[in-house]
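A.B. asks: Quick mapping for you: the protein sequence lines, in order, are chains V and P. Here this note's numbering is used: the first residue of the first sequence is 206, the next is one more, and so on. Here this note's numbering is used: the first residue of the second sequence is 21, the next is one more, and so on.
Just so you know, these hints were derived from the structure itself, not from any lab. We treat Cβ as the ideally placed atom computed from N, Cα and C, and that holds for glycine. It is possible that some hints are incorrect.
Examples of chain V residues lying across from chain P (beta carbon under 8 angstroms, computed) [claimed, not checked]: (1) Arg318; (2) Asp361; (3) Met581.
Chain V regions said to be covered by chain P (calculated; three or more residues, Cβ under 8 angstroms) [as the list claims (entries may be wrong)]: (4) 217-225; (5) 415-426.
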Amino acid sequence: MNHSRFSLRRLRALCWKETLQIFRDPSSNLIAFILPLMLMFVFGFGINLDSSALRVGLLDEATGTESHGFSAALRASPWLEMSDYESRSRLEQDLVDSRIRGFVVIPQDFSRRLKDPSDTAPVQVVADGSEPNTAQFVGAYVNGVWQTWLAQRAADRGETREREVMLVPRYWFNPAATSRNFLIPGSITVIMTVIGALLTSLVVAREWERGTMEALLSSPVTRAELMLSKVLPYYALGMFSLLLCVATARWLLGVPFRGTLLALIVVGTFFLLSVLGIGLAISTATRNQFNAAQAALNAAFLPAVMLSGFIYEISSMPPALRAFTHLIPARYFVSAIQTLFQAGSLWHALWPQIVALMIASAFFLGLTARLTRRRMD
Amino acid sequence: MSEVVVSFRDVTKAFPRMEAPALDAVSGEIRTGLITGLAGPDGAGKTTLLRLIAGLMEADAGTVRTLDFDPIADAARIRGEIGYMPQKFGLYEDLTVQENLNLHADLRQVVGEEREDSFERLLDFTDLRDFTGRLAGKLSGGMKQKLGLACALLGKPRLLLLDEPGVGVDPISRRELWRKVEELVDRGIAVVWSTAYLDEAELCGTTLVLNEGRKLFDGTPAEIAEPLRGRCYHLRQPGEGKRRLLTAALLRSEVTDGTIQGHNLRLTFRSGVSPFPPGEIGASDEAEWDPVKPRFEDAFIDMLGGGPPGESPLAAQTREIPLDGETVIEARGLTKKFGDFTATDHVDFAVRRGEIFGLLGPNGAGKSTTFKMMCGLLVPTAGTATVVGLDLRHSAGKARQRLGYMAQKFSLYGNLTVSQNLAFFSGIYGIHGRAQRKRIGEMIEIFHLAPFLDSRTDSLSLGYKQRLALACSLMHEPDLLFLDEPTSGVDPVTRREFWTHINGLVERGVTIMVTTHFMDEAEYCDRIGLVFRGRLIANGTPDELKQSAATESRPDPTMEDAFIALVTGKESETA
């Protein structure tokens, strides 16, 4: 019965074969080495959720010092790029043509009503609601300038005007609230999913398509050897890629990394094992590269982008979808790696994520093991 | 001294979504001391049987004993003892020859001194010593098969299962591979060689012939040919109009089967009847009967109750194209390069109206490339391709309206039904309304497609797919018909029927250009161009080509002999 026993020599030979194939196959190279860097730079530079210097039109119908002061404050804001208009109709036209994101109108009676303590001076702010995110920014920035200007004005006049409540936001973990600092860790999730699920979804299917699986199955190879020979090389490749991404983020893109290497490896390992499990299970079940790639795209890649909390807030999803995200390993990894990057190795915060990823790994690798057949039928 | 190593009784294996079982109560055995042939057309069940023997699949019913074990329950015990070469090249194309050998040696625990010895022995045996550093994907078809054989032989198996080792290999390499395998048999290894070519099966010590999952017969070549003894004849020098003569001969009740062999006819008679006087079918006065040795194919067709009728209902529905003796297909200095690789190298030929012209050569010789340039699917690097006087470089669209094209592997839409395929292909040739309904109706009748109109094309048997593909290519009544490997893997009866249609079309004036690697099929052609490594190495009638290879020891060479003689002659010239 010595033929059916697990053999390290066979496992080593199979892993070596897989490694040679990874390095020789151009598409594997592309997915494993070029794509991660490309995605890092796209997410690092291309996508920016911060809004800076919004183009806003200004119509100053009043002509007093008060309105001049306020419009000067608007122009001085680093977040707004103001341009002056003569008529309301031009403003509206330019807003429709997307030349400006919004506009501010200072009405004729601005100075008078401002001086009257029993009245309030209205300023009209119109924003392009077809892009809600940008519209919010226009409103908030103009309002910010307004509040500051009022406070400044009061101080200048030596008035002890009753202070309204002042909100002074401070962003913990990401003091400048730079979106890159949370987008980059999130994009590592997508990259790991591509390597773990998309690349591996192709490898078992390829062996079936090319007939090499038939030759392997007719040799004394065992099921465990077959499966491990797929998991180990791609685990190594995925970890390499993870470290490469983190290094690129830290030193090339300047994203702070506050966690420890150990925590990164632990979290990375269990996430990688879970996506490897998904990829291999798909590949083993479909035995066809085209179907496997389609399935991996839908089962791993798209959820990692859409439902992991990487771009879209999970807490603002409808309850059913929110519950569904708990089934997606990427969700736990996004949260864990953002913690690692921005807050550090807070083990008590990481444990729940690690446990969830362990369960996912066990489930998907177990599924692969069940699907891995020692026969062709 | 010959020992039974595999026996199987009434094995049956069915697959989901297939109407008929892949294997239906097949019994037989495999012995040492000879090559056991496993023959039959595609879909006959050959691969399934080999997989059952190797323990790669489990039979639904019946028993299999491989090397005295149950191949499923005791799979681990037999795996080290079986060398299995799958039909698709089962080795890693992106690994080198040596890396493939290393992998298989490790998989079979061939280590230490035994490993070095095995490598030495196998590299010598397969003549691959000079290629150990080459990627397996860059080997020629013949070398790939030898590497596959070497890997299968690591660990000294007692049983060697070869699934269609002759596919994709040129005739010279195939003979070499055959000799290697014979050596193995002499060393006591039991060998199974599966093949879709019945002529290949004839060389085996004993053969099991399958058709549609059932055993048709088994035995030694002599045993199989026995019922045909004295029933097969060549009609030599029949005179002009061989195709019409064949039709006339097949109409006679005493003839069960017939084919064209160059200028001659080859007929099989009912047992106990003697040939009729050749004059009765309008043959010339010099015509004479010559008894010939029966072949497997004759036996195969005889077992199925004889060949199809000789008249083509298709021809009756085809308009007459007057024979004007004009050249309708012409290649001049045709060359196609893909990077450094010259797939077609200065090829010249001309085909007259109403002729069958064949391009014959092994896989990868450049037939398909030449062919695709002739129908305007590829633009030549140099030279011109003209069809009905139109240069394909400039007026491919116009020319295509005049030609019908039946692609290799029958490019039909597998997930459309038969009637949808018919409607689509008539539609793209601009046939609409009443004309379309009429033409589709004719095709359904001619090719007996009525029972399958609403079936998905994928679910059809290979023979019906081929009929449907031919019907689709003829929708617009083309003057010229291009057939790319039209009958590979198809059973002999369907192949006969196919050629009956083609012969009928030619009689109506249609010009045919066909590619094939079937030496046998070349016999139907009026003229053949032999293609080897991108070059046209010979061009002539089948008889001329065969005659050129005749020697004293071999006065009546086959097409394959002729091919090998021409190629080896060519090789010594360039060497």
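A.B. asks: Quick one: which hint numbers does this structure break? Sort them smallest to largest.
C.D. replies: 1, 2
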